[in-house]
Amino acid sequence: MAFRGEENSMHEKVDVLIIGSGASGAAVAWSLADTRMRILCLEQGDWVKPTDYPSNGRDWEARLFSDFAVNPNRRARPTDYPINDANSPIKVVNFNGVGGSTIMYTAHFPRLHPSDFKVRTLDGVADDWPIDYATLEPFFAENDRMMGVSGLAGDPAYPPKQPPMPPLPLGKSGTRFGKAMNRLGWHWWPSDSTIATLDYDGRARCINLGHCTPGCAQGAKASTDITYWPHAIRAGVELRTLCRVREITTDEHGMASGVVYYDAKGEEQFQPAEVVIIACNGVGTPRLMLNSVSARFPNGIANSSGLVGKNLMFHPYALTYGYVDEPLDGNHGPPLCLWSQEFYETDPRRDFVRGYTFQFSRGVGAIFEAIVSSQAGRLPWGEDHHRVYRKLVNHRIGLSAICEDLPEQHNRVTLDPVLKDSSGIPAPKIDYTISANSRKMMQHGIARAKEILAAAGAANICVESPILNGGWHLLGTARMGTDPERSVVNEWGRCHDVKNLFIVDGSIWVTSGGVNPTSTIQALALYIADSIKQRLANLFD
Amino acid sequence: MPTIDLTAEQARDLRALASAIIPPSSAYGVPGADDELIFNDILGSLERDREDICRALTQLAALAGGAFADLGPERRTEVAATFRETGGAPLAALVRVVLLCYYRDDRVMRSLGQEPRAPFPKGHLVEQGDWSLLDPVRARPRMYRQVE
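Chains D and F supply the protein sequences, listed in that same order. Whatever position you read off the first sequence (first residue = 1), add 36 for this note's numbering. Whatever position you read off the second sequence (first residue = 1), add 165 for this note's numbering.
If you are wondering where the hints come from, they were derived from the structure by calculation, not from laboratory data. The model shown is predicted, which means the values in this text are computed figures rather than measured ones. Some hints could be false.
Calculated lysine to aspartate or glutamate pairs in the DMTMM-like style (CA-CA distance at most 25 Å, straight line) [what the hints assert, rightly or not]:
(1) F:287 with D:381
(2) D:197 with F:313
(3) D:427 with D:173
(4) D:476 with D:361
(5) F:287 with D:103
(6) F:287 with D:519
(7) D:456 with F:295
(8) D:215 with F:300
(9) D:456 with F:313
(10) D:427 with F:216
(11) D:197 with F:295
(12) D:154 with D:577
If we take Cβ atoms under 8 Å as the criterion, some of the chain F residues that face chain D in the derived model are [unchecked claim]:
(13) 171
(14) 237
(15) 240
(16) 306
Derived Cβ-Cβ restraints for the label pairs, each shown as a range [said to hold, decoys possible]:
(17) D:384 with F:272: 57 to 67 Å
(18) D:472 with F:237: 50 to 60 Å
(19) F:215 with D:469: 50 to 60 Å
Every residue gets a Cβ at the ideal spot worked out from N, C-alpha and C, and that includes glycine.
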């Protein structure tokens with residue numbers, strides 16, 4: 037079968053074709069740019085202008101429920117694809133546009149710990165990664181510099197690191213939490229965050245718009261459209277937007293030959309390439325691979341292991357919050373500014389293995405408070421509504437346990453037999469359950485969170501566990517390893533089955549750790565790019 | 166007044182229900198959610214929730230045995246209480262739209278001590294806090310597991 041582009045050579049062959057312009061796609065594009073190869077990135081979304089972000093307008097909170105909803109099924113932009121997540125207690129959260137989900141993240145930026153790479157060795161569960169923390173350490177540092185990380189050196193929970201900017205302010209809620217944690221004798225530390233606290237690389241410093249998650253109008257939050265991409269484009273990388281890739285094609289030798297995609301007009305195109313790099317993260321990547329079938333790869337490209345789409349890990353979030361007497365910061369200021377890793381490492385005295393990070397929340401906006409409290413039945417209808425509401429708004433203090441999810445093959449991404457996106461491409465279907473180990477971990481986190489909230493003087497404690505729209509972290513669905521029967525890519529991101537096909541996003545994670553993953557995803561992408569550069573002479577051997 | 170896809174009777178019921186959810190308060194100096202400005206905002210903001218809201222209003226009319234807006238105050242309160250218990254996802258969508266329009270009204274925001282403005286470009290002040298609180302944490306030994 038010949039595609040349009042193959043017939044008329046509409047598109048010249050590129051050296052490297054990257055699919056997806058988010059956290060990992062941007063990093064790998066920038067890193068490879070210094071090779072002077074011809075590099076093209078295809079992105080299904082478009083550029084998002086800073087003036088489009090909700091914090092520019094009076095309807096800033098309302099837009100969290102419409103065109104800036106975190107759930108793509110609710111948001112339903114033309115650039116989104118639907119996801120059948122009916123069979124999952126945690127719904128997928130993402131964004132499609134230049135910058136990918138870095139447009140729509142909280143900018144909380146912890147790294148995996150050294151122990152996270154040796155889970156089998158240390159705790160006898162899951163598998164070790166084929167690489168370690170030390171391998172990634174220089175790439176963590178490089179990524180911190182490129183993304184512009186604020187934080188504070190000296191955290192005893194981590195090997196030494198030096199964030200390039202000072203930390204976000206504690207504020208009233210951070211101060212209250214700090215005192216509470218000291219009272220309990222538990223670890224806490226200002227978070228590493230990709231929110232600029234100084235003017236940095238063309239970005240203006242944070243002025244506490246407070247509505248960081250759905251994009252930063254000030255440009256203080258590091259999404260890759262304003263960090264990596266300007267540098268990569270200046271270095272010669274081409275970024276083609278509104279191009280939705282349908283499948284990766286292969287030639288008679290089983291090598292990737294390019295991709296078929298739909299352009300901004302919806303017309304089918306073929307783009308040939310010497311090397312293809314997938315950067316669509318833990319749901320988009322297996323979806324694309326499973327849609328890329330051929331006689332040689334009837335179950336999806338590079339899927340001889342049968343593991344493409346399997347071992348989906350989310351990080352179940354257990355949210356616990358309460359209310360204090362004095363007004364706090366509300367939504368003023370970045371929502372996350374502290375973490376605790378007191379319960380991160382495995383403790384044999386507990387009834388679960390592995391652990392979790394606490395992330396402390398500064399507060400929420402007036403509308404969000406009203407909606408959530410109404411749904412929870414805290415906010416009455418009628419005469420008493422006003423009195424009760426005034427005790428809630430700006431009085432909230434809360435924290436979430438980000439629990440490590442261990443890989444389980446029944447947690448998976450497949451293709452939905454019916455649901456398709458607007459281009460007619462089969463949509464992903466999620467089947468996911470929370471494991472017994474994760475449930476015990478969540479209960480432990482809730483119990484400790486209640487102690488912390490009590491020490492912070494909070495009452496009226498509420499729990500949301502798991503957070504329904506909490507599927508921010510999409511990991512594990514094309515795992516990394518040295519054994520082709522038990523992994524999809526090798527220890528430097530190359531598919532075992534297709535030697536010119538690479539994966540650089542969260543899908544290659546072997547285990548999930550208990551931290552927000554973007555920092556490690558990007559460090560991995562830089563490491564893989566570096567591995568490619570080191571092997572250019574014999575890349576396909 | 167725009168009615169979107171609601172019938173005139175549904176719009177009347179929605180306005181009556183909005184008032185039952187958030188009545189005006191002289192004590193706090195705020196209008197109710199049935200205030201003309203706020204209600205117009207509600208009607209103009211149904212968008213993704215229109216179908217759910219129509220469904221909720223159909224349920225409400227069934228519970229009321231006719232137009233909810235025509236019920237007397239006591240019966241309205243009873244029906245609203247029952248509806249809150251049984252309305253499910255369609256009611257949740259309706260209440261969400263009422264709340265997000267109510268709590269962005271200038272008068273309501275001012276009554277809460279909030280400036281009625283967009284966050285950008287003025288931003289907000291957040292105090293740095295006392296970083297010496299970290300001293301006991303700084304003094305802790307290494308917490309992460311050493312990996313050979």
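Results for each hint:
Restraint check for residue 287 of chain F and residue 381 of chain D: the C-alpha separation of about 42 Å exceeds 25 Å, so the hint is violated. For the hint linking residue 197 of chain D to residue 313 of chain F, the alpha-carbon distance of about 19 Å falls within 25 Å, and the restraint holds. Between the alpha carbons of residue 427 of chain D and residue 173 of chain D the distance comes to roughly 46 Å, so the proposed pair goes past 25 Å and is violated. Straight-line distance between C-alpha atoms of residue 476 of chain D and residue 361 of chain D comes to about 32 Å, which puts the hinted pair past the 25 Å bound.
About 23 Å separates the Cα atoms of residue 287 of chain F and residue 103 of chain D, which keeps this hinted pair within 25 Å; it holds. Straight-line distance between C-alpha atoms of residue 287 of chain F and residue 519 of chain D comes to about 55 Å, which puts the hinted pair past the 25 Å bound. Note on residue 456 of chain D and residue 295 of chain F: the hinted pairing is violated, with a Cα-Cα distance of about 53 Å set against a maximum of 25 Å. Of the pairs offered as hints, the one joining residue 215 of chain D and residue 300 of chain F holds, with about 11 Å between alpha carbons and a cut-off of 25 Å not exceeded.
For the given pair, residue 456 of chain D sits about 48 Å from residue 313 of chain F by alpha-carbon distance, which is inconsistent with the 25 Å threshold. For the proposed pair residue 427 of chain D and residue 216 of chain F, the alpha carbon gap of about 33 Å is over 25 Å, so the pair is violated. Distance check on the hinted pair: residue 197 of chain D and residue 295 of chain F sit about 22 Å apart at the alpha-carbon level, within 25 Å; holds. Taken as a hint, the residue 154 of chain D and residue 577 of chain D pair is broken in the structure, with Cα atoms around 28 Å apart against an allowance of 25 Å.
A cut of 8 Å between beta carbons decides the hint on residue 171 of chain F: the least distance to chain D is about 19 Å, and the hint is violated. Nearest Cβ of chain D to the Cβ of residue 237 of chain F: about 15 Å, over the 8 Å cut. The hint is violated. With a least beta-carbon distance of about 14 Å to chain D, the hint placing residue 240 of chain F at the interface is violated under the 8 Å criterion. Checking residue 306 of chain F against chain D by beta carbon gives a least distance of about 7 Å; that is within 8 Å, so the hint holds.
As the Cβ distance of residue 384 of chain D to residue 272 of chain F is approximately 58 Å, the hint placing it in 57 to 67 Å holds. In this structure the supplied range 50 to 60 Å holds for residue 472 of chain D paired with residue 237 of chain F, their Cβ-Cβ distance being about 54 Å. Remark: the range hint 50 to 60 Å for residue 215 of chain F to residue 469 of chain D is contradicted by a beta-carbon distance near 34 Å.
Of the numbered hints given earlier, the model fails hints 1, 3, 4, 6, 7, 9, 10, 12, 13, 14, 15 and 19; all others are met.
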